[in-house]
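Number of protein chains: 2
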Amino acid sequence: MATIHDVAERAGVSVTTVSRVLNNRGYISEKTRRKVYDTMAELNYQPNEIARSLLRKQSNLIGLIVPNVSHPFFGELTDAIEYYAYQQGCKLLLCNSQLDPLKERDYIEMMKRHRVDGIIMGSHTLEVEEYRNLNYPIVTIDRRIDSLPYVASDNYRGGELAAELLIGKGCRKIAHICGNLQLDMLSNLRTAAFEEKLRSAGIEFVTLQTEMNVFDQQEYEQLIAKLFDNHPDIDGVFATSDIIASFVMKRCRMLGKAIPQDIRIIGYDDVNAASWVTPAITTIKQPIEDMGRLAVELIRRQMEGEPFERENVLPVKLVERSTT
Amino acid sequence: MATIHDVAERAGVSVTTVSRVLNNRGYISEKTRRKVYDTMAELNYQPNEIARSLLRKQSNLIGLIVPNVSHPFFGELTDAIEYYAYQQGCKLLLCNSQLDPLKERDYIEMMKRHRVDGIIMGSHTLEVEEYRNLNYPIVTIDRRIDSLPYVASDNYRGGELAAELLIGKGCRKIAHICGNLQLDMLSNLRTAAFEEKLRSAGIEFVTLQTEMNVFDQQEYEQLIAKLFDNHPDIDGVFATSDIIASFVMKRCRMLGKAIPQDIRIIGYDDVNAASWVTPAITTIKQPIEDMGRLAVELIRRQMEGEPFERENVLPVKLVERSTT
DNA sequence: TGACATATGTCAAACGTTTGACATATAATC
DNA sequence: GATTATATGTCAAACGTTTGACATATGTCA
Numbered sequence: 001m002a003t004i005h006d007v008a009e010r011a012g013v014s015v016t017t018v019s020r021v022l023n024n025r026g027y028i029s030e031k032t033r034r035k036v037y038d039t040m041a042e043l044n045y046q047p048n049e050i051a052r053s054l055l056r057k058q059s060n061l062i063g064l065i066v067p068n069v070s071h072p073f074f075g076e077l078t079d080a081i082e083y084y085a086y087q088q089g090c091k092l093l094l095c096n097s098q099l100d101p102l103k104e105r106d107y108i109e110m111m112k113r114h115r116v117d118g119i120i121m122g123s124h125t126l127e128v129e130e131y132r133n134l135n136y137p138i139v140t141i142d143r144r145i146d147s148l149p150y151v152a153s154d155n156y157r158g159g160e161l162a163a164e165l166l167i168g169k170g171c172r173k174i175a176h177i178c179g180n181l182q183l184d185m186l187s188n189l190r191t192a193a194f195e196e197k198l199r200s201a202g203i204e205f206v207t208l209q210t211e212m213n214v215f216d217q218q219e220y221e222q223l224i225a226k227l228f229d230n231h232p233d234i235d236g237v238f239a240t241s242d243i244i245a246s247f248v249m250k251r252c253r254m255l256g257k258a259i260p261q262d263i264r265i266i267g268y269d270d271v272n273a274a275s276w277v278t279p280a281i282t283t284i285k286q287p288i289e290d291m292g293r294l295a296v297e298l299i300r301r302q303m304e305g306e307p308f309e310r311e312n313v314l315p316v317k318l319v320e321r322s323t324t
Numbered sequence: 325m326a327t328i329h330d331v332a333e334r335a336g337v338s339v340t341t342v343s344r345v346l347n348n349r350g351y352i353s354e355k356t357r358r359k360v361y362d363t364m365a366e367l368n369y370q371p372n373e374i375a376r377s378l379l380r381k382q383s384n385l386i387g388l389i390v391p392n393v394s395h396p397f398f399g400e401l402t403d404a405i406e407y408y409a410y411q412q413g414c415k416l417l418l419c420n421s422q423l424d425p426l427k428e429r430d431y432i433e434m435m436k437r438h439r440v441d442g443i444i445m446g447s448h449t450l451e452v453e454e455y456r457n458l459n460y461p462i463v464t465i466d467r468r469i470d471s472l473p474y475v476a477s478d479n480y481r482g483g484e485l486a487a488e489l490l491i492g493k494g495c496r497k498i499a500h501i502c503g504n505l506q507l508d509m510l511s512n513l514r515t516a517a518f519e520e521k522l523r524s525a526g527i528e529f530v531t532l533q534t535e536m537n538v539f540d541q542q543e544y545e546q547l548i549a550k551l552f553d554n555h556p557d558i559d560g561v562f563a564t565s566d567i568i569a570s571f572v573m574k575r576c577r578m579l580g581k582a583i584p585q586d587i588r589i590i591g592y593d594d595v596n597a598a599s600w601v602t603p604a605i606t607t608i609k610q611p612i613e614d615m616g617r618l619a620v621e622l623i624r625r626q627m628e629g630e631p632f633e634r635e636n637v638l639p640v641k642l643v644e645r646s647t648t
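The listed protein sequences derive, respectively, from chains A and B. With my numbering applied, the first sequence corresponds to residues 1 to 324, in that order. With my numbering applied, the second sequence corresponds to residues 325 to 648, in that order.
Bear in mind the hints are in silico, worked out from the structure with no lab data behind them. C-beta atoms are modelled at their ideal positions from N, C-alpha and C, and glycine is treated no differently. Take the hints with a grain of salt, since some may be wrong.
[What the hints assert, rightly or not] One side only, chain B facing chain A, incomplete, derived with CB under 8 Å: (1) Glu-373; (2) Asn-392; (3) Ser-394; (4) Tyr-407; (5) Asn-596.
Working from the sequences, and respecting the hints, build out all of it.
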């Protein structure tokens, strides 16, 4: 690839002049400017960002670690993050941890080695201690770790909304399927709120936890099958993701339960897929795009030393469709 | 951040020695090695990959441009690509073109400026001319452009399989929904094969094209609604993605058509979502993971100057589920 | 005429690392 | 005692760019 020296030589000017054109500094005549641009086009010159980064001590890269981009929630979140990163001239370095702590640790180190401007963590499988000592511009999604800035939506309110809806519809025995409560995620608040509401309304419920916190079709299916074996009289389900909700629907169909007549189902996230399935899923909408935008913004602020909010909890919304 | 100089000074050795430890070259005593490692840990030293890249003229970055990671097919493909890139020590630079030619062009230039080791193009909205002059290690997904290496699955065979299945099930009037045939994509072969089979079997069919080639829920719904308005007697549908298939199912449910009794539906891709919906979608499986693996491998071979195959067409498979 | 703005050049340092050439010292081996 | 392997050091160049300091023109305006 051509370097700035090649351009200078070919254009018959000095390297400094080319740099001046490139960075719009100092005096440059229109004639020279044109000549330099022409030469760059001719040589197919692209300034080496690696050299620039080295000098500027800024890579214009944002690192993103998620369990898995092929999970709809993280796919849509990644989409948003990439969009806003691009808007401010940053590129996205994407890593799928697959919820493997070894991989996650390795990825964090990789990112530091590459001097990314900041890391957005959508996966958290390490010990709190490790994150604490990271000492790097960072934003956490859906998890509170000491004083690290985080972005989340109002999980507690989400749980309440789900409970209120199912209670309002007259459900008498409700199942709640959530992620692994051992993991210190903010999404656990959904469960807390939900259970509290049901308890105070005096409605019977059972809570099931999944093993891992990300998609495993087999596990979901077994869990749900067992749920209905043990509690055939369930008439309401609050699932912690739209994907899980769709598996519940699958099982109901199999068991001949009509939705929403015999059983009402509410999901979480409002990923696109929630409206692809039939009947379309009633769900609690997380403002995925806003979460992405905010995460990028928080990285930017940390980089530039601007003040920023540590706790960023965005509102959720009930989206009623056809499963309730 | 600590530099190699800081480590050297603190450990009481020369920079060269630290570099030797880091890169495992030359003679190093166990004692020194340990001391250096300890010091690195103490200072939280991470070698600056930017400086390394500059010297080595290798960034260990692979660029990926897709229309949109939140589309299930591209999400799963991205997942696979990231996985294999990591396996060979590369990181993934992810870009969503949103099928906007301006963005796509801009992204390609960004990637060149960042000196990525190669570009995997899952989005192709530019003129053939532009790709031709790219002059960079590149792999194209699902599109043939001159002599650029590409990865695809056997679209023609996929179209045949779909046709054979629907014919075999006794469908008499079949709709085919495909992407925009103006775009020179290899997926157009599905349509070609499908129509040919139907024609030679003497079966009536209608072909509908979507405007864009990526997800637009509104457009799909309108298109499908119109389809059934105009052709209420359709008893088979071949959709070019599982997502489109699920919208067809939605409409059928609304119209009171039983699946698969009144109408048989076959999708394409076999994304995870195909088995989330009820009934689970019969589909043509693209070997997404293999495609990802191969794409990364082709970049590697180009980088290292190893010989490689230009045309990489992987086999597809019929996965029969409950919509046929 | 002098002052100033404009336009370009030369030169060197800096970013953090690797690498080769070469020097020197100690220890082990014959 | 000579040779060799081991261990470390010094030094400088290279990767491609930016930037500041400084020099030197030419042109323009009082």
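Hint check:
no.	hint	in the structure
1	Glu-373	4 Å, holds
2	Asn-392	6 Å, holds
3	Ser-394	4 Å, holds
4	Tyr-407	7 Å, holds
5	Asn-596	7 Å, holds
The structure fails none of the hints (numbered hints given earlier).
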